[in-house]
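So the protein sequences, as listed, match chains A and B. Following my numbering, the residues of the first sequence are numbered contiguously, the last one being 230. Following my numbering, the residues of the second sequence are numbered contiguously, the last one being 230.
Misleading hints may appear alongside valid ones.
[Said to hold, decoys possible] With a straight-line Cα cutoff of 30 Å, these simulated DSSO-like cross-link-like pairs (lysine-lysine) come out: (1) B/K116 <-> A/K218; (2) B/K19 <-> B/K224; (3) A/K224 <-> B/K116; (4) B/K218 <-> A/K224; (5) B/K224 <-> A/K116.
[Stated by the list, open to error] Some residues of chain B that are not near chain A, with every Cβ distance over 10 Å (derived): (6) Q51; (7) E55; (8) D56; (9) G62; (10) R68; (11) E126.
Hint data in this document are derived by calculation from the structure and do not stem from the laboratory. Ideal Cβ placement from N, Cα and C applies to all residues, glycine included.
2 protein chains.
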Amino acid sequence: MAEDSAVTIPDEPKVGVLGGTGDQGKGLALRLAMAGIPVGIGSRDQSRAEDAATETGYGCIGRDNATIARWCDIAIVAVPWAGHEALVASLADPLAEKVVIDCVNPLGFDKRGAFPLPVPEGSAAEQAQALLPDSVVVGAFHNVSAVLLLDRDLTEVETDVLVLGDVRAATDAVQRLVSLVPGMRGVFGGRLRNSAQIEALTANLISINRRYKIHAGIKITDLPE
Amino acid sequence: MAEDSAVTIPDEPKVGVLGGTGDQGKGLALRLAMAGIPVGIGSRDQSRAEDAATETGYGCIGRDNATIARWCDIAIVAVPWAGHEALVASLADPLAEKVVIDCVNPLGFDKRGAFPLPVPEGSAAEQAQALLPDSVVVGAFHNVSAVLLLDRDLTEVETDVLVLGDVRAATDAVQRLVSLVPGMRGVFGGRLRNSAQIEALTANLISINRRYKIHAGIKITDLPE
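Based on the sequences and whatever the hints tell you, model everything.
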């Protein structure tokens, strides 16, 4: 979608988490729903989506992916990398003229840990943009620990969320959305062409987690509060 | 060099900053010298190295690159990316059996800002390791603002420095070195195969600097102090 495209984003958007029954999707759904945002979880399998929504609570609903894609104002693609291309391609129509947040990290794993996988389009976010010519894709939530997101004893998830994209209205809206979650700050992190390294950075955070036995996140220094 | 290679690193290593007359090199030389570490600046042109050393002060010396490479215990490669391959290849002999820190970011620039350049070996650090089979290459100092490093009014440069490498004794030594600089914390950031995204992350920090008019760095959350 062209850089000057006019996306319409309501002040209080409904957020759909597509492929949202994994830990990252459920964690994001939980934090957004806890913050009072209307949230829907989508899955290929409606009954799994309904179970995840019940588990999440806070008014969260669960349906099949296409229904949630149509229902929401802003979508979050939270499917595992292996299913990314097929899921995104199948939802081009219901996601048209919407902001689509991609949080997927193309990573491989072996006994030495995690490492980035090559992506022909450059990054998961750029692959999504190529498959969704009538949507505005924004990268965000790549580096947030699912363990922390899902820990209901934790009232704040202290982290910066880098928000990447080429359309200012869309990145601004996603920064606002992020900042509704207690502890999180949405920080503009550059254009989509600079997404690959933010996706891949998750491999480093996994290395850090192993070494220090923590759930690492990142903060940007020198930003005004 | 094999992962189990025994590198000998003195408790109080002399640090050589190779290709060190640019802002990043001079900034790192200044901060290390201010911390009481013996520092030498290397350049192709000995008189430029001597000028940079005089400007730095704190006992810093300046010589040609090969002399500094031979003199130091730990080297920092701080040359611009365009000169990286040639400089590193030319110093394989004097750098043998030493720890070589690579802080070079392979970035391109156009009117939209900075973006990562493809590197056949994967990253600058992996290119250096391929060219220095008898040295141990460690990635570090990629994301530290030269402006802050060179600001003598700033007593502390508050940032985490991700340290990447495959040889534990070497990454440990570099973490200790980093942590001698007031404000800096050396954090293990993963293996060399996960260096590319840390080098490329500098493009995002440049985008952040443009947007927010700051000198951004990063901190890792959830680490014990």
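Quick rundown of the hints versus the structure:
{"no.": "1", "hint": "B/K116 <-> A/K218", "result": "violated, 42 Å"}
{"no.": "2", "hint": "B/K19 <-> B/K224", "result": "holds, 27 Å"}
{"no.": "3", "hint": "A/K224 <-> B/K116", "result": "holds, 27 Å"}
{"no.": "4", "hint": "B/K218 <-> A/K224", "result": "holds, 17 Å"}
{"no.": "5", "hint": "B/K224 <-> A/K116", "result": "holds, 27 Å"}
{"no.": "6", "hint": "Q51", "result": "holds, 36 Å"}
{"no.": "7", "hint": "E55", "result": "holds, 33 Å"}
{"no.": "8", "hint": "D56", "result": "holds, 30 Å"}
{"no.": "9", "hint": "G62", "result": "holds, 26 Å"}
{"no.": "10", "hint": "R68", "result": "holds, 34 Å"}
{"no.": "11", "hint": "E126", "result": "holds, 14 Å"}
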